[in-house]
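So the sequence lines, in the order shown, correspond to chains S and V.
Read left to right, the first sequence gives residues 1 to 252 (our numbering).
Read left to right, the second sequence gives residues 1001 to 1283 (our numbering).
What the hints contain is simulated information worked out from the structure, not anything from laboratory work.
Among the hints, erroneous ones may be present.
Unchecked claim - Simulated restraints on C-beta separations:
(1) V:TYR1056 with S:GLU75: 46 to 54 Å
(2) S:GLU199 with V:LEU1089: 45 to 53 Å
(3) S:SER72 with V:LEU1063: 41 to 49 Å
(4) S:ASN22 with V:LEU1088: 29 to 37 Å
(5) V:LEU1088 with S:CYS114: 32 to 40 Å
(6) S:ASN22 with V:ALA1170: 26 to 34 Å
For glycine and all other residues, C-beta sits at the position ideal for the given N, C-alpha and C.
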Amino acid sequence: MMPMIELQNVHVVFNQGTHLENHVLRGLDLKLDEGEFVTVIGSNGAGKSTLMNVLTGEIQVSSGDFFLDGNSLIELAPEQRSKKIARIFQNPLLGTFANLTIEENLSLALRRGCRRGRRLALDKKRRGEFKQALAKLDIGLENRLQDRVALLSGGQRQALSLIMATMQEAKLLLLDEPTAALDPKMAKTVLSLTKRIVEEKHLTTLMITHSMSQALEYGNRTLLLHQGRIEKDIMGTERRRLAVEDMLSYFV
Amino acid sequence: MNSLQLLGALELGLIYALVALGVYITFRIVDFADLTVDGSFPLGAAVAATLLVKGYHPVLATLCATAAGSLAGSLTAYLHTQWNILALLSGILVMISMYSINLRIMDRPNITLLNETTLFNNTSVVWFLALIVSLVLIGLTRFFSSEFGLAMRGAGENAQASAAFGISVAKMKLVALALSNALVALAGSLFAQSQSFADISMGNGTVIGGLAAVIVGETLLRPKHIAGRLLVCIVGSIVYRLAVVFALNIPDIGLRASDLNLITASLVAVTLLLAKRRKKGLS
Chain S
1 MMPMIELQNV
11 HVVFNQGTHL
21 ENHVLRGLDL
31 KLDEGEFVTV
41 IGSNGAGKST
51 LMNVLTGEIQ
61 VSSGDFFLDG
71 NSLIELAPEQ
81 RSKKIARIFQ
91 NPLLGTFANL
101 TIEENLSLAL
111 RRGCRRGRRL
121 ALDKKRRGEF
131 KQALAKLDIG
141 LENRLQDRVA
151 LLSGGQRQAL
161 SLIMATMQEA
171 KLLLLDEPTA
181 ALDPKMAKTV
191 LSLTKRIVEE
201 KHLTTLMITH
211 SMSQALEYGN
221 RTLLLHQGRI
231 EKDIMGTERR
241 RLAVEDMLSY
251 FV
Chain V
1001 MNSLQLLGAL
1011 ELGLIYALVA
1021 LGVYITFRIV
1031 DFADLTVDGS
1041 FPLGAAVAAT
1051 LLVKGYHPVL
1061 ATLCATAAGS
1071 LAGSLTAYLH
1081 TQWNILALLS
1091 GILVMISMYS
1101 INLRIMDRPN
1111 ITLLNETTLF
1121 NNTSVVWFLA
1131 LIVSLVLIGL
1141 TRFFSSEFGL
1151 AMRGAGENAQ
1161 ASAAFGISVA
1171 KMKLVALALS
1181 NALVALAGSL
1191 FAQSQSFADI
1201 SMGNGTVIGG
1211 LAAVIVGETL
1221 LRPKHIAGRL
1231 LVCIVGSIVY
1241 RLAVVFALNI
1251 PDIGLRASDL
1261 NLITASLVAV
1271 TLLLAKRRKK
1281 GLS
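Take the sequences, apply the hints, and build the full model.
Printed below as a string of structure tokens:
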């Protein structure tokens, strides 16, 4: 079967030809099947964030290709890829529109990758849908539709980001250390919510994390990135048996 | 201050309310410091005046002026988004070239419209202006409540998130600048028709005047809804013009009409400084 997502021999070199030259991704190959929930770990500088930005289109590859359902996306700008790719940023401030209200944020998210026309962005029907979606979070946001997002805490904003990213269908969901800015309790809430939504919608997901326990606890496959390549690809029985201590040994 | 001066201030306030709305769209909504405005205001006046002198219908002349303004705005956006020229510089380039273009259009530095038929021939100027400004307010409110308009507000708020949700920030800036400069050129054409002249230098300080109106409005009121925010620009513009007439009428402080630009610039600078202080105090 053809994999849904395929990265072929991707190289990313920053400042090519200068003394600051930095070869971040060195021939990275990656195949994801539909419905896989993959966690990615690696030490600082291994290329995790670069990998993410290559997928979203924010970083241009030096060479290599990126296929989704057999079509190459490598030439497309981030906003053109957004129809197929949803994402959640590490910094909750980046993924939401602070000075717009919660309902306005949701309305923008609802039309991800769609044509936006003269139609009113908000009406009774949409507000009802938004309330329903927010009620799932169980943190009281459904009663604050007209509050500006700037008034929310980091955890609330990240939970809202998750709803926003998954409102509209996507082929691939990207999460870039979604809990790095949250306290442990809120981190757990956001992650279990992620897990629930990913399972419900059967989303193909790639999540970068710094936490080895998170990497093993969530998803069904774990990639270890090292010096711009995939060093370990762990799944199935091997992954279930693996303890955090075993993972640590990979970093030595 | 007599009633004639008051009426004059109200007229100017309503005309410059359109400039304030245009400036609000660029500076506040899409976060683009657009100086094209100083060129598109006289452009609107030049196009309208030239067409009126040639005997065209005032409505047609006004519409052509508005369209010309949107072209000027699009040009600035094009320089910025396609060629990566700094926003300020793109605006200045178009503004400077407008000086030559406006002279070409008018074929002389000023045109009088005293003997021409204008939009205001058979109506009360203030009421007709109030009608136009109200229609613009209603139109803009509807626009910014639409999916497209909301996306434009999002693009100014957070470029990265916009891209993640499929909004092209470059496209939004282009539409915003076209819309903004269309409004400013409309104001220019209304100014020419109500004051019965067009002059090559009438655009000087337009952007600062518009910004002052926005800032005065925001100091008075900060409503949540977009309709309220747009309305505040109009209120700010009228209050600002009334304050100017009032200040010029205070005896013994020796202000002259030509001091206006200095006073306006100081007002804008002080308000921005105070806003910054206040922000620092909070954090």
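Pairwise beta carbon distance, S:GLU199 to V:LEU1089, judged against the given window 45 to 53 Å
52 Å, holds
Please test the hint of 26 to 34 Å on the beta carbon pair from S:ASN22 and V:ALA1170.
28 Å, holds
Taking 29 to 37 Å as the hint, is the beta-carbon distance of S:ASN22 and V:LEU1088 inside that range?
33 Å, holds
Range hint 32 to 40 Å: satisfied by the CB atoms of V:LEU1088 and S:CYS114?
34 Å, holds
Outcome for the supplied range 41 to 49 Å, where the beta carbon pair is S:SER72 and V:LEU1063
The hint (41 to 49 Å, Cβ to Cβ) holds, given that S:SER72 and V:LEU1063 are roughly 46 Å apart.
Measuring from beta carbon to beta carbon, are V:TYR1056 and S:GLU75 in 46 to 54 Å?
Holds, at about 48 Å.
Checked against the numbered hints listed earlier, the structure breaks none of them; every hint is satisfied.
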